[in-house]
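Using the sequences plus the hints, can you model the full thing?
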Amino acid sequence: MPSPRRATRPDAPATPPAPVVGTATPRPRIAMRRRSGLEALAVLGLVASVAIVPVASAQAQDLPSSVTDLESQSLVVSAAADEPVIARPDATASDGVESLVASGTNADWATLVLLDGDFPITQENVTVFLRWMRQENGPDDWFNRNNPLNNGYGSGGGGGTGVYSELQTAAQKAAENLRRPIFSDIAAAFDAKQSADATARVIWASRWSTSHYANGHHWSTAPVKIVTAPAGAWH
Numbered sequence: 002m003p004s005p006r007r008a009t010r011p012d013a014p015a016t017p018p019a020p021v022v023g024t025a026t027p028r029p030r031i032a033m034r035r036r037s038g039l040e041a042l043a044v045l046g047l048v049a050s051v052a053i054v055p056v057a058s059a060q061a062q063d064l065p066s067s068v069t070d071l072e073s074q075s076l077v078v079s080a081a082a083d084e085p086v087i088a089r090p091d092a093t094a095s096d097g098v099e100s101l102v103a104s105g106t107n108a109d110w111a112t113l114v115l116l117d118g119d120f121p122i123t124q125e126n127v128t129v130f131l132r133w134m135r136q137e138n139g140p141d142d143w144f145n146r147n148n149p150l151n152n153g154y155g156s157g158g159g160g161g162t163g164v165y166s167e168l169q170t171a172a173q174k175a176a177e178n179l180r181r182p183i184f185s186d187i188a189a190a191f192d193a194k195q196s197a198d199a200t201a202r203v204i205w206a207s208r209w210s211t212s213h214y215a216n217g218h219h220w221s222t223a224p225v226k227i228v229t230a231p232a233g234a235w236h
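When the letters of the sequence shown are read in order and numbered with this note's numbering, they come out as residues 2 to 236.
What the hints contain is simulated information worked out from the structure, not anything from laboratory work. Even glycine gets a Cβ: it sits at the ideal position worked out from N, Cα and C. Heads up, some of the hints might be wrong.
Cβ pair distances, simulated, as ranges [to be verified]:
no.: 1; residue 1: S100; residue 2: G217; range: 32 to 42 Å
no.: 2; residue 1: D141; residue 2: P182; range: 30 to 40 Å
no.: 3; residue 1: G97; residue 2: N216; range: 12 to 22 Å
no.: 4; residue 1: A199; residue 2: E167; range: 26 to 36 Å
Here it is as structure tokens:
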């Protein structure tokens, strides 16, 4: 008699087969998919981090100069600020010899004597010479005999009656005479840049004039007229 068959219910779950001993159980495919996705993200992140550096550097180089350059700075000084005081000493140089000769006045000749004698060229020193020249020859004829101070030194005439070939030589000889020891007191007064009146008193007391200008009574302090000598007196 055949054995009765076991009734099978269609809704019963199938029993999975028993695993074979010694055979590895395969992992679900979903786990492999997750791993592959994570590895892909890691690779993408590495590539992105490498690519960001040169791109950012290139962008920095391409920035306009208005962004990368520093703003210029300026200093504003108040108009009320005190200006520095600049000392201006008396002049110790003059126009060149050629300029003085070309101008050719009695003031130019006085300046030329100071220049040749290496004296300070100040307004007071020039004023003394102008007054001195006026006393010797008069203002309108100060170039008489090309000897404005009636200087006997190198002029060929004692007592101040000599003649120079031209006024430039007369200036040189006057300067040389004033630098001689006999007139060292006058030279010292010019060197000291004294007032015109103080230097005049030294000239009166000196041996330049035997009359000593009557101790100043024959010496005017009025302004001296500026007169130009004839061109022939200079050459």
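Here's how the hints hold up against the structure:
Range check, S100 to G217: about 34 Å between beta-carbon atoms, so the 32 to 42 Å window is met. A hinted range of 30 to 40 Å holds for the C-beta pair D141 and P182, which are about 34 Å apart. Hint check: G97 to N216, Cβ distance near 38 Å, so the stated range 12 to 22 Å is violated. Range check, A199 to E167: about 32 Å between beta-carbon atoms, so the 26 to 36 Å window is met.
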